[in-house]
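Residue numbers (the numbering used here), protein chains in the order written: chain A, 1 to 388; chain B, 1 to 388; chain C, 1 to 388; chain D, 1 to 388.
Check before you lean on any hint, since a few could be wrong.
The list makes no distinction among identical chains, and a pair is therefore deemed to hold if it is satisfied within one copy or across any two copies.
As the list claims (entries may be wrong) - Result set (DSSO-like, lysine-lysine): computed pairs, CA atoms no more than 30 Å apart in a straight line:
#, residue 1, residue 2
1, K64, K10
2, K157, K307
3, K222, K244
4, K62, K10
5, K220, K244
6, K244, K10
7, K196, K222
8, K244, K307
9, K147, K307
10, K137, K86
11, K244, K157
12, K140, K222
13, K307, K62
14, K196, K137
Just so you know, the hints here were simulated from the structure itself, not pulled from any lab data. These figures come from a predicted structure and were not determined experimentally.
One letter stands for each residue in the lines below.
Number of protein chains: 4
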Amino acid sequence: MNMRDNKAEKIGIIMNGVTGRMGTNQHLMRSIVSIIQQGGVEVSPGRRVVPDPILVGRNADKIKELAYRSGIDKYTTELEYALERKDMKIYFDAQTTGRRAPSICAAVEAGKDIYCEKPCATDTRTALDLYRLCVDKGVKNGVVQDKLWLPGLLKIKRLMERQFFGRILSVRGEFGYWVFEGDSVPAQRPSWNYRKEDDGGIIIDMLCHWRYVLDHLFGKVKSVSCVGATHIQERVDESGAGYKCTADDAAYAQFELEGGIFVNLNSSWCTRVRRDDLLTLHIDGTHGSAVAGLREVYTQAYGNTPKPVWNPDIPQPVNFYEGWSRMPEQEHFENAFKVQWELFIQHVVTGSPFPWDLLEGAKGIQLAEKGLESWARRCWVDIPELQP
Amino acid sequence: MNMRDNKAEKIGIIMNGVTGRMGTNQHLMRSIVSIIQQGGVEVSPGRRVVPDPILVGRNADKIKELAYRSGIDKYTTELEYALERKDMKIYFDAQTTGRRAPSICAAVEAGKDIYCEKPCATDTRTALDLYRLCVDKGVKNGVVQDKLWLPGLLKIKRLMERQFFGRILSVRGEFGYWVFEGDSVPAQRPSWNYRKEDDGGIIIDMLCHWRYVLDHLFGKVKSVSCVGATHIQERVDESGAGYKCTADDAAYAQFELEGGIFVNLNSSWCTRVRRDDLLTLHIDGTHGSAVAGLREVYTQAYGNTPKPVWNPDIPQPVNFYEGWSRMPEQEHFENAFKVQWELFIQHVVTGSPFPWDLLEGAKGIQLAEKGLESWARRCWVDIPELQP
Amino acid sequence: MNMRDNKAEKIGIIMNGVTGRMGTNQHLMRSIVSIIQQGGVEVSPGRRVVPDPILVGRNADKIKELAYRSGIDKYTTELEYALERKDMKIYFDAQTTGRRAPSICAAVEAGKDIYCEKPCATDTRTALDLYRLCVDKGVKNGVVQDKLWLPGLLKIKRLMERQFFGRILSVRGEFGYWVFEGDSVPAQRPSWNYRKEDDGGIIIDMLCHWRYVLDHLFGKVKSVSCVGATHIQERVDESGAGYKCTADDAAYAQFELEGGIFVNLNSSWCTRVRRDDLLTLHIDGTHGSAVAGLREVYTQAYGNTPKPVWNPDIPQPVNFYEGWSRMPEQEHFENAFKVQWELFIQHVVTGSPFPWDLLEGAKGIQLAEKGLESWARRCWVDIPELQP
Amino acid sequence: MNMRDNKAEKIGIIMNGVTGRMGTNQHLMRSIVSIIQQGGVEVSPGRRVVPDPILVGRNADKIKELAYRSGIDKYTTELEYALERKDMKIYFDAQTTGRRAPSICAAVEAGKDIYCEKPCATDTRTALDLYRLCVDKGVKNGVVQDKLWLPGLLKIKRLMERQFFGRILSVRGEFGYWVFEGDSVPAQRPSWNYRKEDDGGIIIDMLCHWRYVLDHLFGKVKSVSCVGATHIQERVDESGAGYKCTADDAAYAQFELEGGIFVNLNSSWCTRVRRDDLLTLHIDGTHGSAVAGLREVYTQAYGNTPKPVWNPDIPQPVNFYEGWSRMPEQEHFENAFKVQWELFIQHVVTGSPFPWDLLEGAKGIQLAEKGLESWARRCWVDIPELQP
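Chain A extracted, bound-state conformation (with noise of 0.2 Å):
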């Protein structure tokens, strides 16, 4: 459905910092721009809601460019009149995370129910209390988890619904590739990722996401280890100077699971990739194994797998690529942040379930807590369940 219905109920959204690169592609374009062209959300059957939204930004060239780009015809530079508005009920936040926590306070005082990214706060107390503040004020709230939709995370929970690994075992998972340092070939991510008192660094950046993933897929974290480096030390910024780098660029995390299954996992933004994709994650079963990218998981089950020997003096005769199968599409998947920013409004419109508040959020912000003492100590890290 294409069409845009103008009896159709709305939901007001202050949309506050999506001009960001993720801002603007998956929340704005992939998600709300496109839930209002596919004529809205149906919230209960035959009841669609249509977001409206508002975009907040500080710069006010880029925020109008944005709207007109965007089709969106309000925006504004001031948050206040934003939340004075009364037909806007849903605040969501995609500012860097040093300005989130206040403005989401500003938010929760005016009675918007809250959506944000992720890391929802600088540290864990701050996230707790945004929480804390939003029961206090009862108000929705709700924190972005994508990865959770991404199609071969979803494809690995169907084979864990049916058994396919048997016990597992371990889970390795390798996320990064190569972020050019700028001063040749541009650089592909902003410079403040890179620098620790913007709050840059890839062990806050990524724990976040892998405490969710954990959690949600494979069982809680109950500890983690993990070594930081900052494996390039001078980038070069957009305006072309360069920069001394204060933030880790790669991060080795090891965790324990509840259930014992044990996770490597190495996040960096200083690796060449040869694997499958981006993000994988091999899963190690009892009864058969997998592999995830983004959207491909291939498979190999107990029979299928192949009995090799170690004999280095000939070329090795087992193509260890050819033992595995691809899963093929048996469902269709949306676009990761569309599909949360879909059941978030159902939630608000309807109360229905939303398991992924700013609890969960302050959660991924203490893994990484966690892991950033874990490298200072140097030594296993227990996560103790957070009070709420």
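The hints should help you fit chains B, C and D onto chain A, whose structure is shown.
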């Protein structure tokens, strides 16, 4: 020249414990027999020395059959008899680890030069004592470090000699494959590997290797963090009887090297292989990366590094395997065990350098012990310099 | 943003002689029209300048039709009329070489900034005089050096920035393709190219290019050895009439560069192409080699260099194309002519650096003249520094 | 016919200096041994002559081992002994160049017919003197010109016999590959090649070949322009010791032939191969073009010639390799060295024509000398007719 010259100079070698898989295939058939067939080792210009082995084994039938198969005419079940022979210059030991130290001691006392499989003892102290004994008695000594002569690792060395990597940032290694439990498909490894009481376990097995590979190729090992696991708890042995696995069958290890290189090395007998080979080392450097298997190496230089975009909404447009180039055969590579045998024989006859002595062997055991300590204490453990 | 903003700042450009193939396709359609459609050039943060061209041509019908096709509303057959317009800031010349100098002189006298195709004159002295005139009158000036922005050559520059080649030893270039004689298959180049009396000839055409490519990419040209040939002696012109070819249609040139790099560059309109592209540069260095086409570059690093054996008795076992890796797209590349146009417009408006001035253009003509001298004298000729 | 006939007519051949790579592989194993195994040469209908060689070498061990390997029963370290044998009719010389002339003189004095490797002497005067001596003494003589019987060049000859090319316009040749320096990967050529004091250098090596290839295939060489280079200045020799390279390792040569054909021939031991073979000749003619490798030839006739368009804004739409057709095997080609050996034996026995005599050999050295002169004088040098 494939002729056997009766007047050639000979060197007697006591080969103890070569009825096992590795001993028979690698040390006897592909090394000693092959060296005999090629007319010996040219230890200096124009001087060739031909091995003249006597096989020693506890099982009379087995050793007789092996002598027949290999075309060796001398064999015995009595080690003492062999040690008493004056024409036997070298003692080689490939028995199970627990039997090694006493046999080596006896051989040293008999004035033999010592060459042995790794681990040379079950603990660092014993290994060091063996080394000191050899030094005291003035006998030459060496330990097998075959992986140094794997074609894949030699190619990596060539790349390093030409500064292909720029500054090396990190090394990720994956070793292993699925070892069948023996209940349906027969197991492809001996059952003692899975029993601690028989000196089994993958940590002791593999960390001995990683020590010399890392020390000689990338930089001295400064510290280790290691977690073991016994993923499969019951197996079926050679006789068809079930047994409880008491040793670790997976080792998730991390190392810090002098020079700042970070290493992540997973070893597992409980994983299904989706990579180029049974052992792969992925090396990332500022100027280029390489992935080494046992024989083949694939490289990706800076200029060939793709610049991928994270977009899970479409099938991955980049084939990440295509951006890598296979290294061609620029040299001929002999069997790794044979190469080291030839170097040891030359060392014994001419005194040429042979840096892979029992002290180096002790270092491997030390790393394994420190890895086990790290696992027990759940923290990083530093590796002190061994005092010879 | 693809909108045309009526209030945008404009810059008048007289485009003289763009009815020819290159002028129409590259300068008008793919550069100026494309820049207008994208909303102009951002000459400084937030400031956009939009070209406002007037087309000048001698044939009234042709120029009118071109204006219609390109959507440009201003055109004339009177250069003087265009030069008198105060709103026209830039004079661009793509006429045949012989007409260029007098028109440029008139434009300089009218105070216009000058941009022109290469060769900017028919001889070095005239070209130098044009440059000096511009300097005297204080007008900005530039000459087209499009090949510097070919994606293939930009990729070579990236490789050099990362020291991929080690020390560069030699460059082998092949330019050309078969230009049909026109007697059966119609010719794909204009007939004046093959007549000396019309300033034709491949030496004057291509050595102008090679000068700036070599100077800016590999090292200043120190000396030249060049042999020309008129391989095809009769052709058929645009009207179907046969004519005698008086200009060279192939140039076999060698260059020595500062720094010791040797260059062999063959240009020919009488060759059939068995290589990657119409222009290929093969660069050999101590650490690696690359072959650049117009867009694609293939690399072979030291570690990927095959070690072939000369054995003509068997089919060549090495596929010499397989040992090379295609460079991926690490950057987006615009049309080379458009990139230089944008830089020139920015230079005119803001005074930003533009090193490709008429003095550089004169150097190209100088190299062509020295090439012709080398051919006549059958010896190497040194290239003296041009005194501006 | 693989039998050895005891009653067959035999011809004694003194083979001096065949312990080197080329001597052993090409002249001994693939030529003489192969001719013996096939039952000799049929010099006239029904008359077969079988080579009966004696090997001569300075190193007793090496020559003994070579005799063993090749199954030849006669060998000696005394050339005089061999020359005194009346049953030895032919003297063949494959020693290093400097030793050749005195040995040949001795052989002529002993009345032997002479066959030798190229270059037959270190300078033209000596080479001419050798030729004159043979004429004076009435002995037959010949020089190796193997490339004339390369399958690839024989196919080019076939194309020319059928006027495939129309009028030939130009020939572009590329010879060479990367010769490893020996510091990491072992070198694949002998170190004397890189020392002028040992008669090394690629100009003297290759221009000897180009002379007879050009003279016999395309037209007599009228003049030469040549530039040499020592691209790699230090290498490591067979014993592992570094040495300074004093000879040229690349030659960039141009030739003018009778009939107006222009030839550009690059020879280099410092290039990485991106072409069909180690030697390629690209011949362009008015009616068609061909590219010859050692064995394969690809052709493109007029009607298959593509008409490409210069547009660097899009990926090259033409695959320039696809427009060429591989020539099929219309004939069986023997080893080039063996073919010439059979012709020389026939010449000695029956007096059949053998135009590749020592005068022709002298011409090759002449061209190399003129090439070196051109390099020194930085100009084209004419090639005068050699007076026999």
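Verification of the supplied hints:
no.	hint	result
1	K64 to K10	both (22 Å within a copy, 22 Å between copies)
2	K157 to K307	both (28 Å within a copy, 17 Å between copies)
3	K222 to K244	between (35 Å within a copy, 27 Å between copies)
4	K62 to K10	both (26 Å within a copy, 22 Å between copies)
5	K220 to K244	between (37 Å within a copy, 28 Å between copies)
6	K244 to K10	neither (47 Å within a copy, 40 Å between copies)
7	K196 to K222	both (27 Å within a copy, 27 Å between copies)
8	K244 to K307	between (49 Å within a copy, 22 Å between copies)
9	K147 to K307	between (34 Å within a copy, 21 Å between copies)
10	K137 to K86	within (17 Å within a copy, 65 Å between copies)
11	K244 to K157	between (41 Å within a copy, 25 Å between copies)
12	K140 to K222	within (28 Å within a copy, 51 Å between copies)
13	K307 to K62	between (59 Å within a copy, 26 Å between copies)
14	K196 to K137	neither (33 Å within a copy, 53 Å between copies)
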